[in-house]
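**Student:** One letter stands for each residue in the lines below.
There are 2 protein chains.
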Amino acid sequence: MHKTYSLRNARTPTAAQLQNPPPPTASTRGKFFGKGGIAFAFRRNAAGAMGPDLSRKLSQLVKIEKNVLRAMETAANERREAATQLSLWGLENDDDVSDITDKLGVLVYEMSELDDQFIDRYDQYRLTMKSVRDIENSVQPSRDRKDKVADRIAFMRYKEPDNVQKIEVLEQELVRAEAESLVAEAQLSNITRSKLKAAFNYQFESMIEHSEKVALIAGYGKALLELLDDSPVTPGETRPAYDGYEASKQIIIDAEAALNEWTLDYAQVKPTLSFKQEDYADYESESDSDIERAHAQGEPHEEEQHGEDGDLWNNEEGAPVHAQTTTTTTTEQTTVAV
Amino acid sequence: MHKTYSLRNARTPTAAQLQNPPPPTASTRGKFFGKGGIAFAFRRNAAGAMGPDLSRKLSQLVKIEKNVLRAMETAANERREAATQLSLWGLENDDDVSDITDKLGVLVYEMSELDDQFIDRYDQYRLTMKSVRDIENSVQPSRDRKDKVADRIAFMRYKEPDNVQKIEVLEQELVRAEAESLVAEAQLSNITRSKLKAAFNYQFESMIEHSEKVALIAGYGKALLELLDDSPVTPGETRPAYDGYEASKQIIIDAEAALNEWTLDYAQVKPTLSFKQEDYADYESESDSDIERAHAQGEPHEEEQHGEDGDLWNNEEGAPVHAQTTTTTTTEQTTVAV
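Here the protein sequences line up with chains A and B, keeping their order. Just so we're aligned, residue 1 is where the first sequence starts under the UniProt record's numbering, counting upward by one. Just so we're aligned, residue 1 is where the second sequence starts under the UniProt record's numbering, counting upward by one.
A portion of the hints provided could be inaccurate.
Same chains, same label: a pair holds when it works inside one copy or across any pair of copies.
Straight-line distance between alpha carbons at most 30 Å, and here's what the computed DSSO-like set of lysine-lysine pairs gives [to be verified]: (1) K146 / K270; (2) K166 / K130; (3) K270 / K159; (4) K249 / K197; (5) K249 / K195; (6) K249 / K130; (7) K197 / K159.
These aren't lab readings, by the way, just hints derived from the structure by calculation.
Can you make the complete structure from the sequences, with help from the hints?
**Tutor:** Structure (structure tokens):
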């Protein structure tokens, strides 16, 4: 990640980036590839060119996300074909290679099915962002009307300063337009925030589900590979007969069961947040503000947080303090999380 | 996954699939999309058309994997653009939306960087499979030569059965060709297995790394979203000033640290293998064969296995038995894992 922690500023390479050379670049990567063709470029460039200014940037984002979806879809479809091809190739080989490539194909196929599910969910995120764009579109006219009335008043004052009656009428119109605009801006602000939050929460949750499931399948795939006898044979020697059919089938059954059981509560990969106290000394006066922050942020693994910040809990009362702090959290949540 | 646990047979829908309707299909999915254009189709159809029969299926697989790579690359590039666009859109909004979209952009950008790393590694897998194809290519001539000599002997026996000298020369040639072919087939068998195992182990490991890192970033993204104040305001009301700059920066720093610390040993998502004893009663006579199987398969979390199968370890000696069993495992590994 960047030194600057922002995409808007120029990026400087970190010392680690300079020290550790990256892995060899894929042979398929190049200047001409990865651009996605004419349709992708058209969508990207034409987006927002016709609509109001306000929603132009978000229109482009929605179109780029459509490109992302299309590319992911192609990848999923190709991977599904690769799974089938792997299984077909294995069929011509010995029993063990045949069985294991077939089962590997099943796992890879399942991954592309998961990709498809993820694509459907990613589309929900995109549609939510699209509805923000629609709100932006609908707010634009009320802004325009207000500006237009204000312009006309300025024009009248300069051109016909004596036409008080006309100017008064226009000023009343301006008040009405301002009121309408005020409501529209508040709606825009509210809806943008709630939709943005909902859209990205949904995206991240489906990403967590997809990633963990893929990692699970990959783990079972590694177990499957252990069934493959890769000890070298001398010419003329025959390999011992393959008896892993039951084991390989059991691995697929286990993988299937693990995928079916998976829920978001079961997620293994958890972020650990370290809110250093000195960073917030200016904002909060209480000593255990960072723990409350973790609570306010819906931080899911309280135990670890308590473990890390255990020194803050070195109190004679122990657990009761915890209970008390969590109740105060709800009231202070608004000030912390704003 | 399929009832049949094989890609080669027809798939029957499970009861769960019939009961739970899938999520709404993405609006971008359709008959015409996700095929990847002319270049993709050409690569898929032309692969292996020129080379020897033996390597045709694997040639196609390698080409399809190239399509997978290209599509993933497009997706990563588009996602990188989406991250930049998200940050640009946020810039026009209020302080909190601006800061949080910028930081979200940083996280999404980092995901596409991870995608790039994964693509480079996936290419290594592809190149390893490609080297298997090359071995298949090189084995084909020795098979052909053997067949050709055998054909010529049959032809001579039918056409000139009295030309014993010529037939003898050919039979000696056949013995040489068979010896060469025997070596070639052994090489093919050895190299196919070791490369297949190495390639998929590498792919699955890089998949685990990629997935867990993406899940980590998504977790930090969810924490970031909690900083966004989405409580509705009434028209004319101003929102409290945003003071989350330090917190959002800290989340990015934490995410960066977590990504840098991540190693494969640290992986959270582990498969749980259940090798039921009754399935193997026919194959093994010993009562604790399933545990040895788990050992032989490099099952990474011994504690859980021991926990589950604790009753098998109810022995007066306890730990010494464990030590003894693990040493016998190495000798029995070949029979178990073959």
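**Student:** Each hint should be assessed against the structure and marked as holding or not.
**Tutor:** Quick rundown of the hints versus the structure:
1. K146 / K270: neither (49 Å within a copy, 60 Å between copies)
2. K166 / K130: This pair counts as neither: shortest intra-copy Cα distance 41 Å, inter-copy 82 Å.
3. K270 / K159: neither (67 Å within a copy, 78 Å between copies)
4. K249 / K197: between (42 Å within a copy, 18 Å between copies)
5. K249 / K195: between (44 Å within a copy, 23 Å between copies)
6. K249 / K130: between (44 Å within a copy, 28 Å between copies)
7. K197 / K159: neither (49 Å within a copy, 85 Å between copies)
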